[in-house]
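Student: One letter stands for each residue in the lines below.
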Amino acid sequence: MASNRASPRSRWLPVAVLLAAVMLWCTLSALGLFHPSTFPSPWRVALGFGEEVRSGRLLDDTIVSLFRVGAGFGAAVLLGVPMGLALAHHVRLRSAFSPAIHFFRSLSPLAWIPFAILWFGIGDAPAIFLIFLASLFPLVMAAMVAVDGIPSVYFRVAYEHGITGWELIHRVTFPAILPQVITALRVTAGVAWLVVVAAEMVAGRAGLGFAIMDARNGLRTDLVVVGMIVIGVIGVIIDRLLTGLTRIPSVRWGYER
Amino acid sequence: MKDSHLETANLSRSFGPVEALRDVNLRILRGEFVAIVGPTGCGKTTLLSLFSGFDSPTSGRVTRGGRVRTVFQRDGLFPWLSCADNIALGLRGLSDSAARREQLQKLLDLIHLNGFADRYPHQLSGGMRQLVELARAIAGDSDILLMDEPFSALDYLSRLRMRGELIRLLHECPRTVVFVTHDIEEAAQLADRIIVFSERPGRIRSELSISVPKPRSPTDERVVETVRRILLEMGVESSSAL
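Top line first, the protein sequences correspond to chains A and B. Counted from 1, the first sequence has number 23 at position 23 by our numbering; the numbering is strictly sequential. For any residue, its number in our numbering is found by taking its place in the second sequence, counting from 1, and adding 257.
Chain A on its own, in the form it takes in the complex (with noise of 0.2 Å):
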């Protein structure tokens, strides 16, 4: 991993690319290929930001998708480790758990969508419904796997040292899986995101989907943009700030091995 931290140089790559990308659209509109309701130019995109910063749709979309994404997810986390820690310790109840974990971790949370509407109307829960489903089931699996990949001398040092029950759990097998379970918030956040977008599509009245769905019903191709861009600039900044979570001295050991 060490390896892959980049060189000041290297650091102005992604901005280069960046500005490339952009230069790129500026030339095909400026060309006028396509229609421009078909293909938005980006000083349009960004009148059409403008608009929506002062009008303050756009950030009350952003805190309401990210809200429903924290609520959505956190129960997930709060839910699901502990979920995967007890299957992974109790060999009935794992077996009994497991195919149906499996099943539902390979289901797409997308076809729940019917029923998150039927049962939970339209609005906020729906949404945190569809992102806790998304959620649960990697992050229970992520823990259980974690769980059974420690090595078994950890476990002997602890008994030697008199560490039992509530403190092996959070002093030995807690500590043992952070690393994999940070691993898997990065995949499991990524995934709540692209759910929430998903779900305010069909079932919201507010969010950064409704507002891409409300910005085509209106024509306005251009905040279908606004709303793309800022939905993959939050992705990114939401594993940015988990990624971040992997420089704890603690669980540094998980990345350097």
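These aren't lab readings, by the way, just hints derived from the structure by calculation. Backbone N, C-alpha and C define an ideal beta-carbon position, used for all residues, glycine too. Honestly, I wouldn't trust all of these hints.
[Claimed, not checked] Cβ-to-Cβ under 8 Å is the rule here; a few derived chain A residues that face chain B:
#  : residue
1  : Ser41
2  : Arg156
3  : Gly162
4  : Trp166
5  : Pro175
6  : Pro249
7  : Val251
8  : Arg252
9  : Trp253
10 : Glu256
[Unchecked claim] So the derived label-pair ranges between C-beta atoms look like this:
#  : chain 1 : residue 1 : chain 2 : residue 2 : range
11 : B       : Gly372    : A       : Leu24     : 52 to 60 Å
12 : A       : Glu256    : B       : Gly372    : 54 to 62 Å
13 : A       : Gly235    : B       : Arg376    : 31 to 39 Å
Position chain B relative to chain A; hints supplied.
Tutor: Below, chain B without anything else, positioned relative to chain A:
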């Protein structure tokens, strides 16, 4: 007569149909350094698990006269704890926090790794990690040290150095030691008594004593002679070849 510190009576352990140990009768005295050598799969590691109480015998019993700690071949440190915190684990038995701090400092001084207290195991060399593990094992109220091929993952020169460190540490903090190794030279250089195990099912084949004062050089002729005797006992070396 010195009191026995660790004792087994007709100790046997099977894993399903596989018999790992059969009828092991051992008596290890307080302060003694006993090495256990034998071919791979002779149940040496199983024996240590039984000694520590982490595993239970199929039949027979183990009597422990003190607190047991193990030093493992590798990765016995918790990688999420700094060296100091790993060693502090061994001091959990002390209720007074000032005494714990003082002991921790003494142990770090003893292994000359003061500057590495806040480092994590993955930031250290293999030899340093084994030293930290050794410090953790002798910390606090432990008095029986089990060592499961503790130096076998190191290169030869580091191994020689670690043997010296072990003898030095034991001089400072005397412990009863059961040392499992593949390395016959290591056994001859470190132990007061060497137990030779047979192939599966593991049984005591023979034992021999060596009373040369420590530290010993691996090239000391009495050490070399002991190596020869162990090889003979193991049936690896015929007497005519020497």
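Student: Now look at each hint and say whether the structure bears it out.
Tutor: How the hints compare with the structure:
1. Proximity of Ser41(A) to chain B is violated relative to the hint, the smallest CB-CB distance being about 52 Å (cut-off 8 Å).
2. This hint holds: Arg156(A) has a C-beta 5 Å from the nearest C-beta of chain B, less than the 8 Å allowed.
3. This hint holds: Gly162(A) has a C-beta 6 Å from the nearest C-beta of chain B, less than the 8 Å allowed.
4. A cut of 8 Å between beta carbons decides the hint on Trp166(A): the least distance to chain B is about 15 Å, and the hint is violated.
5. The beta carbon of Pro175(A) comes within 4 Å of a beta carbon in chain B, closer than 8 Å, and the hint placing it at the interface holds.
6. The interface hint given for Pro249(A) holds, since its Cβ lies 7 Å from the closest Cβ of chain B, which is under the 8 Å cut-off.
7. The interface hint given for Val251(A) holds, since its Cβ lies 7 Å from the closest Cβ of chain B, which is under the 8 Å cut-off.
8. This hint holds: Arg252(A) has a C-beta 7 Å from the nearest C-beta of chain B, less than the 8 Å allowed.
9. Interface hint status for Trp253(A): upheld, as the beta-carbon distance to the closest one in chain B is roughly 4 Å, under 8 Å.
10. At its closest, the beta carbon of Glu256(A) sits 6 Å from a beta carbon of chain B; the interface hint therefore holds under the 8 Å criterion.
11. With their beta carbons about 54 Å apart, Gly372(B) and Leu24(A) fall inside the hinted range of 52 to 60 Å.
12. For the hinted restraint 54 to 62 Å between Glu256(A) and Gly372(B), the CB-CB distance of approximately 20 Å leaves it violated.
13. Distance hint for Gly235(A) and Arg376(B): a CB-CB separation of about 36 Å, consistent with the stated range 31 to 39 Å.
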